[in-house]
Every structure is written in structure tokens, then in C-alpha cells.
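Two chains, two separate frames, one set of hints: put the complex together.
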Amino acid sequence: MRRTALRSAIALVALGILGLAAYAQDASEKEIERYRAMISDPMSNPGFLAVDRGEALWAEKRGSKNVSLEGCDLGNGAGKLEGAYAKLPRYFADADRVMDLEQRLLWCMQTVQGFDTKDVVARRFSAPGRASDMEDLVAFIANKSSGMKFEVQLGHPKEQEMAAVGEALFYRRGGVMDFACATCHGDEGKRIRLQALPNLAKPGKDARETMGAWPTYRVSQGALRTMQHRLWDCYRQQRWPVPEYGSDAITALQVYLNKQANGGEITVPSIKR
Amino acid sequence: MKKVFWIAALVFNSTLSFAASAQTMSKPADPAVVDAYVKATFGKAPPEWQARIEPDETLKLCNATHNNVPSADADKIVARELAKVVYPADGKLLGDWKEGIKIANNGRGGQFSDPPDTVAGGNCYACHQLEKKELSFGTLGPSLTAYGKERNYAPDAIKAAFTKIYDSQAVVACSNMPRFGANKVLSEKQITDLVALLFDPESPVNK
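First to last, the protein sequences are chains A and B. So the first sequence is numbered by our numbering: it starts at 105 and just counts up by one. So the second sequence is numbered by our numbering: it starts at 990 and just counts up by one.
For the record, the hints were derived by calculation from the structure and aren't laboratory data. Where is the CB? At the ideal position from N, CA and C, for every residue including glycine. One thing to keep in mind: the hints can contain errors.
What the hints assert, rightly or not - Once the Cα atoms are required to be at most 30 Å apart in a straight line, the calculated DSSO-like pairs of lysine-lysine come out as:
{"hint": "1", "chain 1": "A", "residue 1": "K222", "chain 2": "B", "residue 2": "K1028"}
{"hint": "2", "chain 1": "B", "residue 1": "K1121", "chain 2": "A", "residue 2": "K134"}
{"hint": "3", "chain 1": "B", "residue 1": "K1122", "chain 2": "B", "residue 2": "K1081"}
{"hint": "4", "chain 1": "A", "residue 1": "K262", "chain 2": "B", "residue 2": "K1049"}
{"hint": "5", "chain 1": "B", "residue 1": "K1028", "chain 2": "B", "residue 2": "K1049"}
{"hint": "6", "chain 1": "B", "residue 1": "K1016", "chain 2": "A", "residue 2": "K191"}
{"hint": "7", "chain 1": "A", "residue 1": "K253", "chain 2": "B", "residue 2": "K1016"}
{"hint": "8", "chain 1": "A", "residue 1": "K253", "chain 2": "A", "residue 2": "K184"}
To be verified - One side only, chain B facing chain A, incomplete, derived with CB under 7 Å:
{"hint": "9", "residue": "A1029"}
{"hint": "10", "residue": "W1038"}
{"hint": "11", "residue": "G1099"}
{"hint": "12", "residue": "V1174"}
Claimed, not checked - Simulated restraints on C-beta separations:
{"hint": "13", "chain 1": "A", "residue 1": "G367", "chain 2": "B", "residue 2": "G1080", "range": "55 to 61 Å"}
{"hint": "14", "chain 1": "B", "residue 1": "K1049", "chain 2": "A", "residue 2": "R297", "range": "27 to 33 Å"}
{"hint": "15", "chain 1": "A", "residue 1": "G293", "chain 2": "B", "residue 2": "D1024", "range": "32 to 38 Å"}
{"hint": "16", "chain 1": "B", "residue 1": "K1065", "chain 2": "A", "residue 2": "D198", "range": "46 to 52 Å"}
So here's chain B without its partners, still in its complex pose (with noise of 0.2 Å):
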């Protein structure tokens, strides 16, 4: 099981530079202070809506230290993320590519110009390159081309995929990517299709 969290963790480890990039920390403000401007700004939300901006123990170690957690820090948010982590009880962890095109593609759900009942897209493609000939892709993550067939569509690598796009920082502390199952962003088909997209021999990603 270790094992498995340590291949996922190189692989997504070149995700990281923004991670390593040291900025410099001036005298930090007091956390209440912070906390009573943002009451100032988003008091009037719903309560929902603010819950969503209440840091978890998890978030509260990475804003403190602008995401730059001690190791002994994120081997306790590792451990406390992997908890969450929902495996498909079937254990059928490929779904349908052509679907995970769609979902890498919709950048839309959970912003307030959204109707409530939006299903949220993954918006992939904002941060990682995939399909070849979509040449419309973010730089903020590592580029995913051919990312089933570099690791020989291997079942620890389907799992870690998997734990990956349900919880980013189940396998990386602070890592910037959202945690979209466990943020229930997206569902657990959506996740095994955005899996499929990555690992289907017949994905346009492997091609």
C-alpha cells in the first residue's frame, strides 16, 4: 500500500514547483484579524457559501505556511486526506474516456454566476495538457499526454490516478489541485471516467 503512495507521489511530484518556489513571509497577520475581514466581505453569503470558505485542519496548515507544510505536518495531511478517499465499491476504477473528454473540457459549477443545480465539470484542460491535439491547455499542472501508456496502464498507477483526482493531497500535501471527490466537485463516475480518459488504451491521451 506505502508503496503505492510513493510511485504516485513522483509522478505527481514535478505538479509541485509552485510548492518549492520559497516566497518570502513578512510578519504573518493575526488569524482573528483575518478572520473578521473576511466576515467584512463574505458575511452577507449564505451560510453554506461560507462554510465552504472555512479552512479545514487541512487548508489551515497550507495557508499558514503558503503551502510549504513540514514533512511532519504533511504526513498527517496525507494520512487524514487518504481517509476520505472513496474507492468505487465494485472496484471498477475505468469508466467511459469519451465522457472524461466532456468533463476535462467543462469549466463550469460552483461559482455564484452558476443556477444551483449546475453539474460541475473538472476543467482539466485549464491546468493540464492532454488530448495532443487540443493545443488549448493550461500550464499550471504537468502536462498528462500519454499518461496511461508511459506506465503501462498499470493497476497501482490506474488506483493512484484514482486517489489523485478524489483527494490531490491524499498523495501530495498542499498540492494545488482541487480535491474533487472529497469536495464532492464530482462524483465517483465522473472521476472514473476522467480515469479512463487517462488510462483507456483507446483514449485520445494514449494516442
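Bound-form chain A, shown alone (with noise of 0.2 Å):
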């Protein structure tokens, strides 16, 4: 209840910026500035709430071995989770495959603790009324990257093959439309309808923010959002078919976009609009 209100609250305020945002352009940039520095107090972030159900489910006995994810190892060492987030996608050798956070989740629930994925991976994205393991835990493991840069792994060959192919994706053109995610990342200062979209197609700010604030809490959404969800979206409004989830294109984007943002502050889980 208190959840429901607040988010009431927070979309409300959305509401009367977004409002104002049409009226004035200079006025409009400064109070959604207000606005983010308003709803980015960590206490009124309900996104910890997803980083708390996914601590629980990190240490819960699941699968045919009846073991929890403490053993699954993040690039680390196993169970150890301080700055893995900031060190991921890379390349792991017992899977002789380079994957982000959710692919490696997936394979050591599979692998380590011998659990069936399929439920999870139905309930990849959380909806009202149905939580996401993936997002729950994707939360609380980044969180323990939070205050960390970023340091993309590129050392070996099958990571350098990732953020050259991530390359080609982001200007690689296609659907009705002709879009490609460098149609609208791709330039300084560019808005679509009011909203302002940072330029990736080079490292610096614009990458370092845009990246170093995933997952986030997504106000309109009500809901916990990573990467994946993100990418599935603007694949959706580049008119592409739907990609499937914790998929190597998916992967060979987030090495190519955490290149552009390398060094990066990660300040997770954020909120946003």
C-alpha cells in the first residue's frame, strides 16, 4: 500500500513536470533535473526493494542439488560479488563463452544448482503481480558494484569479438523503418519528441551516465529495469523482431556500450522517468 502511494507520488510529480516540459524548453531541462535529484534519494528508491528479494534469492536452496547461488562464481571467485557487476560481460572458461550478468545466472542455476530456468525465464521481466527472480537478482548483485567503475573486459580474443560485433550492431540498419540504434545514439544534443537522448556512439559522459545508472527503477513502469529490458525495448521501437532474452547480441551491445563507458561511476539501482 505504502508502495502503491508513493509510486502515485513520484508519478504525479512526473505528471506536473512533464506538464511544464511543454511550455518551456530551458525551464522544462531545470525541473526535470530537479525531479531526477528529487526521486534519486535512495530512500524513496523502491528499486532497493528488488536489490532485498534478490539477496534472499541469492542465498535460497534450489534445484536437483538443493544448493543456493553462493557457489556460482561471477568472474571473481565463487559467492564473491563485490565489483563482479563492474567486470561483466567477460569471458568465462568453464563455459568457454563470454556473458553478461543474466546469462551467467542463468548457467549457474542450471549448472550449479540444477534448476529448470523455464519459469525464470518466463517471468524474465516482472509484471504487476509477478515479480522477476532475474530482476531481483540482477538488482542486488550490481548493487554490490555500485559506487565502482566500470572496467570492461577486453583481453580476450572471444571479449574483442564481442565489442567488435556489438559495434556493427549498434549501426547495423534494419526493420520497416530503417532504424539502428545509432539513428538516434549517434549524435550530440538530439531529442526525440522532448526526450533527451545521449549520444553512444562515443566513450565519455553521455555512455558513463546512460550505463552506470542500469538496472534502474523505472517510474513509469513501476518496476525494477536491467539492461536487457532496456535493449528489448529499443529493439521494440527500432522496429525489430523481438530478441531474445540473455542472448550473445543482447551480450556483444553491452560490451560494445560498457567500452563507450568504460571507467564510469555505477550508481545502482537508479531511478528513472
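Right, dumping it as C-alpha cells:
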């Protein structure tokens, strides 16, 4: 109930701000900035509820082996979570693949826990009344890298391949509208309607601020969302087909984007419109 | 005929600040490897959806050069795309500007979340300013306020605008703008309604 009230209050503020935005560009930019500052208060960010749920899921014994995920190696050693997200996606020798956090978690559920991931994948994106283990786990694990900086992993040839493919995908146009990621995110200071668009075609501030703010609590969706969901939604708006969850093109794009964001600070979960 | 395109190219040149902004390219990925990734992520989509992300000859050139296509290839693209443009049989390029406003505001269609029978809009406001009173407009494309008025409602300019909306790359190779007619996003009628939004003296765009 309190969550609902909080959400409504935030939504009301958001509506008010958006209303203002229609009248004056400069004033609206300032107001939006003020709104962002207001909602970035951790005490009012419902994304931290997902962090708490994720913590419980991480320790829960599940699967045919009846063990928790604490035996899962996210790159820094089994069960070591501090700073793991800052170095993902990365190459894992045991799987002989580059994986992002979601792919690695699914792999650990299957191999470490002997857990059937079908239901977890079906609930990959939460909806009202349907929590997502994946969103909650990512919120919890990414939060363990909050305050740290992205250290993109490009030492292994397969990581380099991911970065190169990610760049090619960023510029690959398609769908009935001929849109690529670069159509909207390839230049400075552009807007779609009133929404400012980060330039992700070059390393630096925009990429750092963008990538360092995911996972995030989306006020408009009333849910914590991860980069998997953001890219799924980007491809929807690009008029591309539905991308497969936790698949290689999505991971390649994340490697490319983290390369652009390298050295940027992670502050998560954040809170966004 | 050539002159029309030259004028059109001038008119729309300002749209292309993107293409001009040189982005550094690292060693490009092997196209076969990229295709394997695309298959891994989109391979379960219905065949007609997968066909939409198979780059045609034009997009292959745009993709490989990050839209900064060399002039010889640009000429080939413009010629190829121009051949796709079908002008109205009755020669009437100006439709109904009131319908044009609706199309310019409609961003639906073509998304995997849309019902298949959704009538697509042009979503012009996502990228362009049109009527002065509409303040929620994007800046990916140039402002189109007073578009027809500034061109004295000239027939050549009207035809160039129809061409541009039908197939943007028939005017500028690797333009960021969708090829609305050639890709069958908008119907001929919808395109003439948008041309009217730009060129009808009564259209709020020209007020």
C-alpha cells in the first residue's frame, strides 16, 4: 500500500514536470533535473526492494542439488559479489563463452543448482503481481558494484569479438523504419519528442551516465529494469523482431556500450522516469 | 529532372549532420560472425520479421560505412532508391493536411508490441518540428515550420517532398529518415496527406 502511494506520488510529480516541459524548454530541463534529484534519494527508491528480494534469492537453496547460488562464480571467484558487475560481461573458461550477468546467472542455476530455468525465464520481466527473480538478482548483484567504476574486459579474443560485433550491431540498420541504435544515439544533444538522447557512439560522459545508471527503477513502469529490458525495448522501438532474452547479440551490445562507458561510476539501482 | 534532386538535396542537407559527424571505427567484425549473432538473438522470430532485418544492397553500404558512404556509392544508392518511387497515377501530390497532422502525430505500427493490423503512422514529430504551436517535437531531423511557404509552394519542391517521404535515400544516400513508401510503412494516400501538411497554404505548418 505504501509502495502504491509512493508510486502514485512520484507519478504525479512526473506528470506535473512533463506538463511544464511542454511550455518552456529551458525551464523544463531545469525542472526535470530537479525531479531527477528528488527521485534519486535512495530512501524513496523502490528499486532497493528488488535488491532485498535478490539477496534472499541468492541465498535460497533450489534445484535438484538443493544448493544456493553462493557457489556461483561471477568472475571474481565463487560467491564473490563485490565488484563483479563492474567487470561483466566477461569470458568464462568453464562455459567457454562471454556472458553478461543474466546469462551467467542462468548458467549457474542450471549447472550449480540443477535448477530448471524455464519458469525464471518466463518471468524475465516483472509485471504487476508477477515478480522477476532475474531482475531482483541483477539488482542485488549490481548494487554490490555501486560506487565502483566499469572495467570493461577485453583481454580475451572472444571479448574482443563481442566488442567488434557490438559496434557492428550498433550501426546495423533494419526493420521497416531502417533504424539502428545509432539512428537515435549517434549524435550530440538530440531529442526524440522532448526526451533527450544520450550519444552512445563515442566514449565519454553520455555513455558513462547511461550505463552507470542501470539497473534502474522505472517509475513509469513501476518496476526495476535491467539493461536486458532496456535493449529489448530499444529493439521494439526500432521495429526489429523480439530479441531472445540473454542472447549473444544483446551481450555484444552491452560489451560495446560498456567499452564506451569504461571508467564510469556505477550508481545502482538508480531511478528513472 | 536532375535539378529537382539537386534542390532536394540542398533542402534536406541539414538533416545530415549525423552522417557528417565522423565516428571512429575500430577493426570491423567479420560480417558472417555478425550474422551468427543476429541469428542467435533474432533467429526465433517469424520469417517475415527476420526478412525485415536482412540489409538490402543500400543498407549494406550504409552499415559498412556508418552512413558516411563514399560519393560513388552514394550516387548508386540514390539511383537505386529513386527507381523505387511510385508517384500517384493521377498526379495529385497534395492530400488532406488535417489527416497529415494525425499521421505526423501517430507513432504506432511496426513494433512487435503492435497488433499486426495496426495502421502505421509517420511519427514525424519524433524527429521534426512542424506546427509552431506543437512544442513536443524532436530534433533528430531539421525543423519543417513554414516549409511550403518558404518554398513558395513550388511544384518542384512539392514533388521533391513526396520523393523524400516516399524514399529518403532517393534524395540523400544513407539518410537517417525511414523510406516510408518504399518500405510500405505509409500508403500513397498517407504520403500525399503529409505533403499537404507541408505545402497546403491552410496547413498550420505554414501559418
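Exercise. For which of the previously enumerated hints does the structure constitute a violation, in increasing order of number?
Worked result: none
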